[in-house]
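Enquirer: The lines below spell out each chain.
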Amino acid sequence: MVYLHTGYMITPLGEGVAANLKAVQDGETRLCMHTDVHGERLVEPVMASLLDEERYKIDGFSLFESLCIHAINGAKASATVNLQDERCVFILSSTKGDIWVSMAESAKKISSWFGNPNQPIVVSTACTSGVSAQLTAWRLLEDGLYSSAVVVGCDVQSEFIVSGFQSFHALSNAMCAPFDKGRDGLNAGEAAACMILSSRPSAAGWTLLGGSIHNDANHISGPSRTAEGSLRCLNDALERVPVSDLAVISVHGTGTIYNDEMESLALHRAGVDNVPVTALKGNYGHTMGAAGLLETLLTLYALEQGIVLPTKGYHQQGTTWPVAVSNQVRHTTQAAFIKLLSGFGGVNAAVAWTKQKTWQSVAEITIEAPADLTSLYRQTVGNYPKFFKMDLMSKLGFMGVECLLGKVREQEPSFTLDTEQAALIVASRSASLKNDTDYQCTIRDKENYFPSPSLFVYTLPNIVAGEIAIRHHLMGETACYVLPEEQALEPVIHSFVSTTKAHQLLVAWVECETAEKYNAHIRLLIKK
Amino acid sequence: MEDLKLELKRQIIDVLNLEDLQPSDIDDAAPLFGEGLGLDSIDALELIMIMDKQYGIKFQNKEESKAALASIDTMAAYIQEYRTK
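Quick note, the sequences are listed as chains A and B, same order.
Going letter by letter, the first sequence gives residues 1 to 528 in this note's numbering.
Going letter by letter, the second sequence gives residues 1 to 85 in this note's numbering.
Just chain A, with the same shape it has in the complex (with noise of 0.2 Å):
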């Protein structure tokens, strides 16, 4: 598995998570008309969101390169990662970088900076970079070849680049307006934006769950008419997280008329039609390198406050497939996603987040010592004579179970165990010592030796969970440790989300040091 750490972002919109985050709710941009970018003269003006080359530049490196180090700094600062381990990997995403310098070489020089001993590596797929080194970094740590990763993307405008958009008529002079239907072009845009992955799980729990690349082998700059690489891409996606846990998807959303018209029709092949949609271009322009880790992060911080972002630049439908996108803030519970991307030379990128989910307690309750069990079972079940078989362990976990259901019911009367699915987890400190005890005193006397089977079986255990599984007819997984303290079994919850199929979990600490001293805390938790 592969978790996200920490995200930063550099923007002309602000720095970090928390200032874009809002700035975008509010519906914010620089995009403004420039008549030049960092000193150098257009031929004609653009409608750019352009980064202040003064604040940013670092004395012996390119603004891009500067760029790259301080989104990886602020990354840093929160993230428990050691960037100088052997196990940490570079991975440089960006479409044209300092454009007369080798990308590879900038590459080494930031990871050197940062005393990264490994080969950076640079991912340069157009505008999917920010998507593809994503994977990239997904596939060396899934692998297991490293256990962190750095990510970080960044384009900077010059007249070279804009120049060349310009000579494809694809910038538009006014600020572009994704999936609108006056929208005539996309406009230049500048940010540095680098996550931190890990394959060691995250308080925050965002997992990337994989994605894919596709390519249209179609045209080299155009997109496809019939969207089969972005069709590919989300049913990869689709195939990793189920349509009914998406949030949103974030999409490419250049805003010029064929990239836009070309999505709407990958989400309506792929039968997504119905799931949100958002495109951050209108706040930022087309970052290039940056796009892919930027509207990633973006889209999934915001998620992690319950919201979808507003669209800027749309008003009405400007696609032949109606695409579920709007210019307001739209609130969720769902907390997965995926993020797409197309670009020059045919490619078509997407990867698919989810935030994990976790158990959360739907009730619980206590019994201990000189709680009368025998009393108990006459008051609440009756007509179970297995029960009096039992041993005193099984007598305290059957019953706390029989408790807990009832408390559970109280408040949902149509409650069910799902017999196929839910999990039990017992545990204990003395385990069956008491039993142990027992069944020695049957075998000690070698003129009086009858050892007993049914005090044989109750020396193990897990035989509690059995006699709850039967009364339940619980067939998942059973379970049963032995530990120091109820403490201990946390870390063993925690593991048990995205391990398993099960969506409940019975967890019983059941300890009984001797027939006086005894005490049960059993727990239902739900996955969410």
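Derived by calculation from the structure, the hints in this document are not laboratory data.
Note that this is a predicted model, so its numbers are computed, not measured.
Take the hints with a grain of salt, since some may be wrong.
As the list claims (entries may be wrong) - Straight-line C-alpha distance at most 25 Å; calculated BS3-like pairs for lysine-lysine: (1) B:K53 with A:K386; (2) A:K446 with B:K53; (3) B:K53 with A:K434; (4) A:K446 with B:K58; (5) A:K386 with A:K355.
Position chain B against the provided structure of chain A, taking the given hints into account.
Expert: Quick look at chain B alone, frame taken from chain A:
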């Protein structure tokens, strides 16, 4: 014979923890396993132990014990014939 049957019933209730049963609830001729008292295989092992511990009877094979432990009637008859204590 009737005393022996009553004694058997008391022992079964006690050893097998048939908490809510009285000796009078157990029909002499009814099967002990399956639909009768609903005893299971671990109970059968405990009955084999009672036969050994209380009456000195060791079964030679499974068929023999199965026939002997079918009901209170068969247990009592078997004990009367083969008991060694």
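Enquirer: Hey, A:K446 versus B:K53, does the alpha-carbon distance stay inside 25 Å?
Expert: Answer holds: A:K446 to B:K53 is near 13 Å, not above 25 Å.
Enquirer: So if I understand the rule, the pair passes when the alpha-carbon distance is 25 Å or less; does A:K446 with B:K58 pass?
Expert: The hint holds at about 17 Å.
Enquirer: A:K386 and A:K355: Cα distance at most 25 Å?
Expert: 43 Å, violated
Enquirer: Between the alpha carbons of B:K53 and A:K434, is the straight-line distance 25 Å or under?
Expert: 24 Å, holds
Enquirer: Is B:K53 within 25 Å of A:K386, Cα to Cα?
Expert: 24 Å, holds
The structure fails hint 5 only (numbered hints given earlier).
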